[in-house]
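Undergrad: Sequence:
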Amino acid sequence: MVIIPEKQENQKQVLTLNELSKRKVVEHNSLITSIAKMDKTPLKMFELAVSCINTEEPPKDNTVYLSKRDLFAFFNVSDNDKHSRFKEAVEKMQKTAYFQIKEVKEKGYEMTSIVPIPTVKWNSYNDEVLIRFNQDIMPYLIDLKNNFTQHALSDMAELNSKYSIILYRWLSMNYNQYEHYSVKGGRRVEQVESYSNPSISIKELRIMTDTVNEYRQIYDFEKRVLKNAVEEITAHTSFNVTYEKVKKGRSIDSVIFHIDKKRRADDNSYKLEDTAFQVDKKQKSRNEADLLKQAMESKYTRLLSENFLIGMNDIMDTATMVGLQKNVYPLYDELKELRGLNGVKEHLSYVSSKKEAYSKRNVAKYLKKAIEQYLPKVKRQELS
Numbered sequence: 001m002v003i004i005p006e007k008q009e010n011q012k013q014v015l016t017l018n019e020l021s022k023r024k025v026v027e028h029n030s031l032i033t034s035i036a037k038m039d040k041t042p043l044k045m046f047e048l049a050v051s052c053i054n055t056e057e058p059p060k061d062n063t064v065y066l067s068k069r070d071l072f073a074f075f076n077v078s079d080n081d082k083h084s085r086f087k088e089a090v091e092k093m094q095k096t097a098y099f100q101i102k103e104v105k106e107k108g109y110e111m112t113s114i115v116p117i118p119t120v121k122w123n124s125y126n127d128e129v130l131i132r133f134n135q136d137i138m139p140y141l142i143d144l145k146n147n148f149t150q151h152a153l154s155d156m157a158e159l160n161s162k163y164s165i166i167l168y169r170w171l172s173m174n175y176n177q178y179e180h181y182s183v184k185g186g187r188r189v190e191q192v193e194s195y196s197n198p199s200i201s202i203k204e205l206r207i208m209t210d211t212v213n214e215y216r217q218i219y220d221f222e223k224r225v226l227k228n229a230v231e232e233i234t235a236h237t238s239f240n241v242t243y244e245k246v247k248k249g250r251s252i253d254s255v256i257f258h259i260d261k262k263r264r265a266d267d268n269s270y271k272l273e274d275t276a277f278q279v280d281k282k283q284k285s286r287n288e289a290d291l292l293k294q295a296m297e298s299k300y301t302r303l304l305s306e307n308f309l310i311g312m313n314d315i316m317d318t319a320t321m322v323g324l325q326k327n328v329y330p331l332y333d334e335l336k337e338l339r340g341l342n343g344v345k346e347h348l349s350y351v352s353s354k355k356e357a358y359s360k361r362n363v364a365k366y367l368k369k370a371i372e373q374y375l376p377k378v379k380r381q382e383l384s
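Per this note's numbering, residue 1 is the first one in the sequence shown, and the count goes up by one each step.
In short, the hints are calculated from the structure, not lab data. Here the structure is a predicted model, which is why all the values come from computation and not from measurement. Misleading hints may appear alongside valid ones.
Below 27 Å or equal to it, Euclidean Cα-Cα: the simulated BS3-like pairs (lysine-lysine) are [what the hints assert, rightly or not]:
1) LYS60 / LYS95
2) LYS87 / LYS40
3) LYS261 / LYS223
4) LYS105 / LYS87
5) LYS203 / LYS40
6) LYS68 / LYS40
7) LYS24 / LYS107
8) LYS262 / LYS184
9) LYS40 / LYS92
10) LYS121 / LYS95
11) LYS227 / LYS203
12) LYS22 / LYS145
13) LYS184 / LYS60
14) LYS223 / LYS203
15) LYS145 / LYS102
16) LYS227 / LYS105
17) LYS299 / LYS203
18) LYS247 / LYS354
19) LYS162 / LYS227
20) LYS40 / LYS24
21) LYS368 / LYS336
22) LYS40 / LYS245
23) LYS40 / LYS105
24) LYS336 / LYS293
25) LYS40 / LYS107
26) LYS22 / LYS60
27) LYS365 / LYS354
28) LYS227 / LYS261
29) LYS293 / LYS345
30) LYS262 / LYS107
31) LYS377 / LYS365
32) LYS40 / LYS262
33) LYS184 / LYS377
34) LYS262 / LYS293
35) LYS37 / LYS377
36) LYS162 / LYS245
37) LYS162 / LYS40
38) LYS299 / LYS262
With these hints in hand, go ahead and build the complete structure from the sequences.
TA: Following this line, the structure appears as structure tokens:
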């Protein structure tokens with residue numbers, strides 16, 4: 001981190017691009033679902049500035065500092081006219097860009113319009129850019145005890161449409177909840193799955209993307225707002241996203257998104273996740289062979305097949321069957337102890353009815369999450 005002295009008693013921290021690439025953007029959900037009355041450049045500049053906020057130690061005077069050089073690099077600006085373009089972007093942000101935030105109150109709802117960054121200061125003789133936030137936007141950036149979303153700044157760097165940025169923030173908000181409740185529990189299986197397959201009405205989507213009076217034909221709206229945004233998010237962020245349109249009568253009423261997080265190249269998948277097997281290669285092979293044999297002979301394999309939760313490709317895949325035998329079937333045994341084999345059958349029948357809402361690329365992980373969400377509920381009912 002480069003430290004530039006301002007005065008003897010006060011120092012400013014100017015963040016480098018390398019540090020910015022590792023930064024997270026954390027915002028209150030009310031800001032995520034607000035109407036961003038701005039184009040992509042001020043919106044990305046806002047996200048960049050927010051990533052510099054340490055919520056545990058909020059910036060003094062609501063001010064953060066960026067390196068001019070690295071700011072241009074983040075926006076991939078390298079031409080000779082970059083300074084004048086930056087000046088134009090700042091002026092536009094301060095004159096026309098604002099968030100319109102809607103919050104539900106006891107007597108109704110309250111609308112607040114906030115220019116997020118009223119002050120940007122730079123000069124011709126050094127590299128720093130001062131960015132000062134509006135004090136009214138700060139509660140949405142630092143008072144984050146609940147209902148907040150975190151996403152990677154690097155995911156937004158390559159997004160070239162305001163609609164892509166807005167939709168990415170909203171999808172992140174939902175997927176954050178999916179990851180949280182998948183681990184912590186506290187929601188039914190179908191509720192958890194709905195967070196990775198969120199639905200939004202076309203009306204709400206138009207409001208959020210500020211296109212109520214634009215692209216009035218659904219064909220134009222889908223092409224220019226929805227399809228392009230989904231393709232860009234899938235190409236440049238950590239999410240793979242698809243969507244399906246839901247009709248009401250003859251009209252498109254809503255959209256269901258399907259979010260799947262991309263696996264890293266070094267991620268060998270949940271199926272073979274097992275520290276106990278890391279002994280030696282021969283022992284590991286013997287253990288896997290034993291688990292595979294048990295899985296092939298298990299009544300649960302037959303039940304999964306009968307409910308179309310696994311197919312022949314899964315059964316032929318050693319990693320999948322080992323993952324099921326090791327991580328899933330013991331939980332089915334627990335359910336069987338509580339509710340009998342019929343209880344297991346009922347659970348699998350229910351999961352099968354919801355199977356359209358998940359990606360089958362990691363069936364063992366999905367089935368484990370489903371039974372982990374269901375078992376605590378059964379145990380509570382047994383105790384009551």
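Undergrad: Decide, hint by hint, whether the structure agrees.
TA: Checked hints:
1. LYS60 / LYS95: 25 Å, holds
2. LYS87 / LYS40: 15 Å, holds
3. LYS261 / LYS223: 24 Å, holds
4. LYS105 / LYS87: This hinted pair is violated, its Cα atoms lying about 39 Å apart.
5. LYS203 / LYS40: OK: LYS203 and LYS40 at ~22 Å, within 27 Å.
6. LYS68 / LYS40: 19 Å, holds
7. LYS24 / LYS107: Answer violated: LYS24 to LYS107 is near 35 Å, above 27 Å.
8. LYS262 / LYS184: 22 Å, holds
9. LYS40 / LYS92: 11 Å, holds
10. LYS121 / LYS95: Holds, because 15 Å separates the two Cα atoms, which is no more than 27 Å.
11. LYS227 / LYS203: With a Cα-Cα distance of about 17 Å, the restraint between LYS227 and LYS203 holds, given a limit of 27 Å.
12. LYS22 / LYS145: Cα-Cα ~23 Å, so holds.
13. LYS184 / LYS60: Answer violated: LYS184 to LYS60 is near 35 Å, above 27 Å.
14. LYS223 / LYS203: Judged against 27 Å, a Cα distance of about 16 Å means the pair holds.
15. LYS145 / LYS102: The given pair, whose Cα atoms are some 19 Å apart, holds under the 27 Å limit.
16. LYS227 / LYS105: Violated - the C-alpha atoms of LYS105 and LYS227 are around 35 Å apart, more than 27 Å.
17. LYS299 / LYS203: 48 Å, violated
18. LYS247 / LYS354: 19 Å, holds
19. LYS162 / LYS227: Within the cut-off at roughly 13 Å; holds.
20. LYS40 / LYS24: 19 Å, holds
21. LYS368 / LYS336: 15 Å, holds
22. LYS40 / LYS245: With a Cα-Cα distance of about 26 Å, the restraint between LYS40 and LYS245 holds, given a limit of 27 Å.
23. LYS40 / LYS105: 30 Å, violated
24. LYS336 / LYS293: 21 Å, holds
25. LYS40 / LYS107: 35 Å, violated
26. LYS22 / LYS60: Cα-Cα ~22 Å, so holds.
27. LYS365 / LYS354: Satisfied, since the Cα-Cα distance of roughly 15 Å is no more than 27 Å.
28. LYS227 / LYS261: 19 Å, holds
29. LYS293 / LYS345: 22 Å, holds
30. LYS262 / LYS107: 43 Å, violated
31. LYS377 / LYS365: Between LYS377 and LYS365 the Cα gap is close to 19 Å, so the pair holds against 27 Å.
32. LYS40 / LYS262: Distance of about 25 Å is within 27 Å: holds.
33. LYS184 / LYS377: Distance of about 14 Å is within 27 Å: holds.
34. LYS262 / LYS293: 31 Å, violated
35. LYS37 / LYS377: Violated, at roughly 44 Å.
36. LYS162 / LYS245: 21 Å, holds
37. LYS162 / LYS40: 4 Å, holds
38. LYS299 / LYS262: 33 Å, violated
Going through the hint list in order, the structure does not satisfy hints 4, 7, 13, 16, 17, 23, 25, 30, 34, 35 and 38.
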